[in-house]
Amino acid sequence: AQSVTQLGSHVSVSEGALVLLRCNYSSSVPPYLFWYVQYPNQGLQLLLKYTTGATLVKGINGFEAEFKKSETSFHLTKPSAHMSDAAEYFCAVTSSGGYQKVTFGTGTKLQVIP
Amino acid sequence: NAGVTQTPKFQVLKTGQSMTLQCAQDMNHNSMYWYRQDPGMGLRLIYYSASEGTTDKGEVPNGYNVSRLNKREFSLRLESAAPSQTSVYFCASSEQRINEKLFFGSGTQLSVL
Chain A
4 AQSVTQLGSH VSVSEGALVL LRCNYSSSVP PYLFWYVQYP NQGLQLLLKY
54 TTGATLVKGI NGFEAEFKKS ETSFHLTKPS AHMSDAAEYF CAVTSSGGYQ
104 KVTFGTGTKL QVIP
Chain B
2 NAGVTQTPKF QVLKTGQSMT LQCAQDMNHN SMYWYRQDPG MGLRLIYYSA
52 SEGTTDKGEV PNGYNVSRLN KREFSLRLES AAPSQTSVYF CASSEQRINE
102 KLFFGSGTQL SVL
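So the sequences go chain by chain: A and B.
All residue numbers for the first sequence refer to the numbering used here, where the first residue is 4 and numbers rise by one.
All residue numbers for the second sequence refer to the numbering used here, where the first residue is 2 and numbers rise by one.
For reference, chain A alone in the conformation it holds in the complex (with noise of 0.2 Å):
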């Protein structure tokens, strides 16, 4: 079975500061974990996604996310934020064996104080 926890279900920071979003996975097998963002009444769209290879992994809009196999975890960051990254994040993961099944995280929503 695969699960993802997502920690903070709202987090704000003022612009400028850094975003950090929390997520650990659960995985009985290698995993690909994912980062998607929905802004107000649109569907997900993907920001970054880990596979296999390097472990640091940069996505849209200056976002980034480390793979750690040791803590089992897959946050999100960026340096400096921007009202426009007002929104809510999903970590996802899905895991080999079969096609494609996605489990997504509980969400956290990121408010940018001006």
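Rather than coming from a laboratory, the hints here were simulated on the basis of the structure.
Hints should not be assumed to be uniformly reliable.
Under 8 Å between C-beta atoms, here's a sample of chain A residues computed to sit facing chain B [unchecked claim]:
id	residue
1	Ser-6
2	Leu-10
3	Ser-12
4	Tyr-35
5	Gln-45
6	Gly-46
7	Lys-52
8	Phe-66
9	Phe-93
10	Lys-104
11	Gly-108
12	Gly-110
13	Gln-114
Each residue gets a CB set at the ideal place from its N, CA and C atoms; glycine is no exception.
Dock chain B against chain A, hints included.
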């Protein structure tokens, strides 16, 4: 650049009514999915279709049925709507390879009174 198209965008039903949510994708993807999104619970998989002609239950299939009409279309049917089915429903599609991203529609907001 249509991507994944869902209809309708909004729907209000009375308890016991039935309806079908429609989804179509134009990216020639093999795999399609239906998720529901509820506050504090993230997205939960209702049903998925790995390829044309196949469907499988996800995490929360009770009260729903699906049809993979062809490669493009994947519909979700509520036979007898219940208030617990009030939610936002998302259709998604992807290539069949395990690490491919999901492409989402814009969602259907359903209220069951």
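Earlier hints that do not hold, by number: Result: hints 1, 2, 8 and 13 break, sorted rising.
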